[in-house]
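Chains as they are written, first to last, in the working numbering: chain U, 1 to 111; chain V, 1 to 114.
Rather than coming from a laboratory, the hints here were simulated on the basis of the structure. The beta-carbon is built from N, C-alpha and C at its ideal position, and this holds for glycine as well. Don't take each hint at face value.
Simulated crosslink set (SDA-like; lysine to any residue; CA at most 20 Å straight-line) [claimed, not checked]: (1) V/68 x U/15; (2) U/38 x V/45; (3) U/38 x V/68; (4) V/106 x V/65; (5) U/41 x V/22; (6) U/41 x U/85; (7) U/9 x U/20; (8) V/42 x U/18; (9) U/40 x V/95; (10) V/42 x U/12; (11) U/40 x V/27; (12) U/40 x V/65; (13) V/42 x U/101; (14) U/41 x V/39; (15) V/56 x U/98; (16) U/40 x V/56; (17) U/40 x V/68; (18) U/53 x V/22; (19) U/19 x U/98; (20) U/22 x U/40; (21) U/41 x V/24; (22) U/41 x V/11; (23) U/18 x U/98.
Facing chain U, a subset of chain V residues (Cβ under 7 Å, in silico) [said to hold, decoys possible]: (24) 42; (25) 43; (26) 44; (27) 49; (28) 65; (29) 82; (30) 83.
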Amino acid sequence: DTEVTQTPKHLVMGMTNKKSLKCEQHMGHRAMYWYKQKAKKPPELMFVYSYEKLSINESVPSRFSPECPNSSLLNLHLHALQPEDSALYLCASSQGSLQAFFGQGTRLTVV
Amino acid sequence: GESVGLHLPTLSVQEGDNSIINCAYSNSASDYFIWYKQESGKGPQFIIDIRSNMDKRQGQRVTVLLNKTVKHLSLQIAATQPGDSAVYFCAEKYSGGGADGLTFGKGTHLIIQP
Numbered sequence: 001d002t003e004v005t006q007t008p009k010h011l012v013m014g015m016t017n018k019k020s021l022k023c024e025q026h027m028g029h030r031a032m033y034w035y036k037q038k039a040k041k042p043p044e045l046m047f048v049y050s051y052e053k054l055s056i057n058e059s060v061p062s063r064f065s066p067e068c069p070n071s072s073l074l075n076l077h078l079h080a081l082q083p084e085d086s087a088l089y090l091c092a093s094s095q096g097s098l099q100a101f102f103g104q105g106t107r108l109t110v111v
Numbered sequence: 001g002e003s004v005g006l007h008l009p010t011l012s013v014q015e016g017d018n019s020i021i022n023c024a025y026s027n028s029a030s031d032y033f034i035w036y037k038q039e040s041g042k043g044p045q046f047i048i049d050i051r052s053n054m055d056k057r058q059g060q061r062v063t064v065l066l067n068k069t070v071k072h073l074s075l076q077i078a079a080t081q082p083g084d085s086a087v088y089f090c091a092e093k094y095s096g097g098g099a100d101g102l103t104f105g106k107g108t109h110l111i112i113q114p
C-alpha cells in the first residue's frame, strides 16, 4: 500500500466555521507533512511532523492547527479562515529524509 | 523565497518526440532532488529522484540529469505520450536535515500535441 488518503476531497466553509482535514497512511512512514498549493503555483510547506511530534511550522497562522493523533493519521483543524486561504491542501508522508508520497489533496473553498 | 526553479511555464511537444524539462536550484547544500508529475485535480506523483553523488539516473522512459557545477537539473521524457500531459515540478532538499520537507520549483506545464 503506497497510498496517502485525504478526506474530504472538496470542502466549502464559511469564515466562521470550524472544520478539519484528515490524512491517513499505512506505509509505516514516520514523517508526515501538510502543504498548501494555490492555483498554478507549486506546493508550499506548512507543517512537518516527525515521529508524531511537530518539528516544523513554516510561520503558518494560528487559524491552521495541525494534529498527529498517531503515526498513521494527520489532521489539519481549520477555524476562522479567510477567502485567501482557499487552496488545495496536500498531505504527504515519507520514510526518513527521502521522497514524499502525496495524497490527492482537499480542495478548500472559503466563502 | 524559492530556492528552486527555472521558470518555463509551458512546453509543447509533438506526441512521440522527446521532452526535456529544466530546473535550476540555488541552495548549494541541497543533495537530494525529485521530479514530480501533477495532473489536473490530483496530488503530485513521484517520477524519479537523484542524489547529489550521481549525475544521471534512468527510469522507465525518464532520465534525470544533475549538473552540480551549474546547479541544474533536467528531466528527459522519451517518446512522449498523451498521458504525459501534466505540470512537472522539481523539488529539492538537504537530506541531512531529516524530515525537513521539500522546496518546489515553479513548475512546467507539458502539453502533448497529437
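Violated hints, by number in ascending order, as checked against the structure: As far as the earlier hints go, 1, 3, 8, 9, 11, 12, 16, 17, 18, 19, 20, 23, 28, 29 and 30 are violated by this structure, in ascending order.
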